[in-house]
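Asks: Sequence:
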Amino acid sequence: MGKEYSYRTFFYSLIGIIMILFILSIKNCSAQIPKDKQLHFGAGVVISGWSYTIPIDQTGWKPVIYGLSGSVIAGGAKELYDLTTKTGHAEWKDLGATILGSIVSVGIITGIKRLVKHHKRNYKIRNEILSNISYLQDH
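In numbering that gives the first Met the number 0, the protein residues as written are 0 to 138.
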C-alpha cells in the first residue's frame, strides 16, 4: 500500500507541476491569441486536470471521460451564464478554447501515466529476469 501510494503521490505532484508550468507559459504566448482565449484554455487545463483525478478507479477510460467532461461542463456553464446574464460576452470560441485546454491536459496526463506504467512494467520484468538468472547460477 505504501509503495503504491508513493507512486500515486509522485504522479499527481508531477502532473500539478506540469500544469502550473504550462499555465505560466501561457503568459508568454503570442499577441495573436487574445487574452480571453488564453484564460479559457488555462481554465480547461486546470479543470480537466483536477476532474481527471476524481474517479477512485483510475483504470480504463473513466479518468479520461471525467477529465474531458468536467471541463466541457464548466466551460459550457460559464458561456451559458454569460449568455443569460449579459454580464459577459458568450462565444463558441471561448468554449472551444476551454475544450482544447482540456484535450491537451488529458493528453499530457494520460501520456505521463502510460510512461510510468510502462517503466514500472519494464522494471518488474527486469527484476524477474535477474532473479531467474541468479536462480540458475545457484543450481
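If you are wondering where the hints come from, they were derived from the structure by calculation, not from laboratory data.
Using N, Cα and C, we set each Cβ at its ideal position, and we do this for glycine too.
Mixed in with the good hints there might be a few duds.
What follows is a list of derived Cβ distance ranges for each label pair [said to hold, decoys possible]:
(1) Tyr80 / Leu129: 34 to 40 Å
(2) Leu79 / Asp56: 47 to 53 Å
(3) Lys61 / Leu129: 33 to 39 Å
(4) Pro33 / Ser130: 54 to 60 Å
(5) Lys112 / Leu38: 35 to 41 Å
(6) Asp137 / Ile64: 48 to 54 Å
Derived SDA-like pairs: lysine to any residue, alpha-carbon spacing no greater than 20 Å straight-line [unchecked claim]:
(7) Lys34 / Thr52
(8) Lys36 / Leu99
(9) Lys34 / Leu94
(10) Lys77 / Leu38
(11) Lys36 / Ala76
(12) Lys116 / Thr52
(13) Lys61 / Ile111
(14) Lys119 / Gly59
(15) Lys36 / Leu79
(16) Lys77 / Lys61
(17) Lys112 / Lys36
(18) Lys116 / Gln57
(19) Lys112 / Gln57
(20) Lys112 / Val63
(21) Lys112 / Trp60
(22) Lys61 / Leu114
(23) Lys77 / Ile102
(24) Lys36 / Ile111
(25) Lys34 / Ile111
(26) Lys119 / Thr109
(27) Lys77 / Lys92
(28) Lys92 / Lys112
(29) Lys119 / Leu129
(30) Lys92 / Ile102
Asks: Run every hint past the structure and note whether it holds.
Replies: We went through each hint and held it up to the structure:
1. Tyr80 / Leu129: 34 to 40 Å: Because 59 Å falls outside the window, the suggested range is violated.
2. Leu79 / Asp56: 47 to 53 Å: Hint violated: Cβ distance 31 Å, outside 47 to 53 Å.
3. Lys61 / Leu129: 33 to 39 Å: Given about 35 Å between the Cβ atoms, the range holds.
4. Pro33 / Ser130: 54 to 60 Å: Distance hint for Pro33, Ser130 holds at roughly 58 Å.
5. Lys112 / Leu38: 35 to 41 Å: Given about 27 Å between the Cβ atoms, the range is violated.
6. Asp137 / Ile64: 48 to 54 Å: Holds, since Asp137 and Ile64 (Cβ atoms, about 49 Å apart) stay within the stated range.
7. Lys34 / Thr52: violated (28 Å)
8. Lys36 / Leu99: holds (10 Å)
9. Lys34 / Leu94: holds (14 Å)
10. Lys77 / Leu38: holds (13 Å)
11. Lys36 / Ala76: holds (16 Å)
12. Lys116 / Thr52: holds (16 Å)
13. Lys61 / Ile111: holds (16 Å)
14. Lys119 / Gly59: holds (18 Å)
15. Lys36 / Leu79: Given that 20 Å is the threshold and the Cα spacing comes to 16 Å, the pair holds.
16. Lys77 / Lys61: Given that 20 Å is the threshold and the Cα spacing comes to 24 Å, the pair is violated.
17. Lys112 / Lys36: Violated - the C-alpha atoms of Lys36 and Lys112 are around 28 Å apart, more than 20 Å.
18. Lys116 / Gln57: holds (12 Å)
19. Lys112 / Gln57: Given pair Lys112, Gln57 holds - Cα atoms ~10 Å apart, limit 20 Å.
20. Lys112 / Val63: holds (12 Å)
21. Lys112 / Trp60: The hint holds at about 13 Å.
22. Lys61 / Leu114: holds (18 Å)
23. Lys77 / Ile102: holds (18 Å)
24. Lys36 / Ile111: violated (26 Å)
25. Lys34 / Ile111: violated (28 Å)
26. Lys119 / Thr109: Satisfied, since the Cα-Cα distance of roughly 15 Å is no more than 20 Å.
27. Lys77 / Lys92: holds (13 Å)
28. Lys92 / Lys112: With Cα atoms ~30 Å apart, Lys92 and Lys112 exceed 20 Å; violated.
29. Lys119 / Leu129: holds (15 Å)
30. Lys92 / Ile102: holds (15 Å)
Hints 1, 2, 5, 7, 16, 17, 24, 25, 28 from the list above are not met by this structure, while the remaining hints are.
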